[in-house]
Amino acid sequence: MTFKFFILIAGSIFFTTACLGNNKPAADTSKPVSISLDATKNKTDSNVLIVVNERIIGTIREIKKLDSLFAVQNIDRVNVLKDSLALSKYGENGKYGVIEIYLKNETASIKEVRMEEVKPNYDVIFDKPEIEAAFPGGDAMWRRYLERTLNAQIPSDKKAPDGQYTVIVQYKVDKEGNISNITALTNHGYGMEQEVIRVVAKGPKWQPAIQNGRTVASIRKQPVTFVVIKDDEPEKKKKKNKD
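Take any residue in the sequence shown, count from 1 to its spot, add 2: that is its number in our numbering.
Please note: incorrect hints may appear among the correct ones.
Pairs of lysine-lysine residues, derived as DSS-like cross-links and limited to a Cα-Cα distance of at most 30 angstroms, are as follows [what the hints assert, rightly or not]: (1) LYS161 <-> LYS130; (2) LYS177 <-> LYS204; (3) LYS177 <-> LYS223; (4) LYS174 <-> LYS106; (5) LYS160 <-> LYS97; (6) LYS174 <-> LYS207; (7) LYS130 <-> LYS232; (8) LYS232 <-> LYS207; (9) LYS91 <-> LYS177; (10) LYS160 <-> LYS130; (11) LYS223 <-> LYS161; (12) LYS97 <-> LYS174; (13) LYS177 <-> LYS160; (14) LYS130 <-> LYS97; (15) LYS223 <-> LYS130.
Label pairs and their computed distance ranges (CB to CB) [said to hold, decoys possible]: (16) LEU187 <-> ASN76: 36 to 46 angstroms; (17) ASN189 <-> ARG57: 13 to 23 angstroms; (18) PRO163 <-> GLN196: 17 to 27 angstroms; (19) THR185 <-> GLY139: 42 to 52 angstroms; (20) GLY205 <-> LYS130: 35 to 45 angstroms.
These are calculated hints, taken from the structure and not from any lab test. Where is the CB? At the ideal position from N, CA and C, for every residue including glycine.
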């Protein structure tokens, strides 16, 4: 299926679709099926994300008149992503849906997309930024911080069974590196999730994520692994003394 693309009202986008290269009989391909997104009337439509040649441009509300960026005939193809597909590829930015536009002349399009009147929205929270937020000093300093701060005995003290437990917490790192909205994505129990949340909340500011050379807010998922090994030596000594 190929999308033929028309935009002509500020804040609104209209599509018509036509079926190509398919020998199977269809109910009616003589008339295009229309899909409309109207940011002037529908708040959800206004938050649909627009991506041109893999570059996030902004939402329909922010862009206003996309047809001023390039000629309609320069469009090669358009993908419309919804629900889980949009979320898996663009994270929270895509929760209202995503329109991916690919132009025939990619080199020319990049120049047009950078026009001053259309700027990407760097106030959104990125789920997959170009450079992820990081603990100051990198992974080595993060491990050192955990060794000094994390109570690794928590699961043993709470009688957790032997094994390896990977706790995953998610949190927001804003443009200044501040941490907030810390939540656990796992539920192993025995105090492990609470301990990781405590350690992340207590830590220093992080280095914020980078998108297109700018610092941006992002969602970070951080794993921390606990290993529980039961110490049987005391029991063995007790048995030996009895003998």
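Hints, verified against the model:
Restraint check for LYS161 and LYS130: the C-alpha separation of about 37 angstroms exceeds 30 angstroms, so the hint is violated. A threshold of 30 angstroms between alpha carbons decides the hint, and for LYS177 with LYS204 the separation of about 18 angstroms falls inside it, so the pair holds. Between LYS177 and LYS223, the direct Cα distance comes to roughly 17 angstroms. Compliance with the 30 angstroms bound is thereby established for this hinted pair. Our distance criterion of 30 angstroms between C-alpha atoms is broken by LYS174 and LYS106, whose separation comes to about 37 angstroms.
At most 30 angstroms may separate the alpha-carbon atoms for a hinted pair to count; LYS160 and LYS97 exceed this at roughly 39 angstroms. The suggested pairing of LYS174 with LYS207 holds, with an alpha-carbon distance near 11 angstroms, which does not exceed 30 angstroms. Taking the CA atoms of LYS130 and LYS232, the gap is about 39 angstroms. The hint is violated against a cut of 30 angstroms. The hinted pair formed by LYS232 and LYS207 fails the criterion: a straight-line CA distance of about 36 angstroms is larger than 30 angstroms.
Of the supplied pair hints, the one linking LYS91 and LYS177 holds, its CA atoms being roughly 22 angstroms apart against a limit of 30 angstroms. For the hint linking LYS160 to LYS130, the alpha-carbon distance of about 36 angstroms lies beyond 30 angstroms, and the restraint is violated. Restraint check for LYS223 and LYS161: satisfied, since their Cα atoms lie roughly 27 angstroms apart, inside the 30 angstroms limit. Annotation: proposed proximity of LYS97 to LYS174 holds, straight-line Cα distance about 17 angstroms (limit 30 angstroms).
At most 30 angstroms may separate the alpha-carbon atoms for a hinted pair to count; LYS177 and LYS160 exceed this at roughly 38 angstroms. Simply put, LYS130 and LYS97 have alpha-carbon atoms about 14 angstroms apart, close enough for the 30 angstroms limit, and the pair holds. For the proposed pair LYS223 and LYS130, the alpha carbon gap of about 11 angstroms is at most 30 angstroms, so the pair holds. Range check, LEU187 to ASN76: Cβ separation about 42 angstroms, and the 36 to 46 angstroms hint holds.
Separated by about 38 angstroms at the C-beta atoms, ASN189 and ARG57 break the suggested range of 13 to 23 angstroms. Separated by about 18 angstroms at the C-beta atoms, PRO163 and GLN196 satisfy the suggested range of 17 to 27 angstroms. The given range of 42 to 52 angstroms is broken by THR185 and GLY139, whose C-beta atoms sit roughly 25 angstroms from each other. Hint check: GLY205 to LYS130, Cβ distance near 23 angstroms, so the stated range 35 to 45 angstroms is violated.
The structure is inconsistent with the numbered hints 1, 4, 5, 7, 8, 10, 13, 17, 19 and 20, although it conforms to all the rest.
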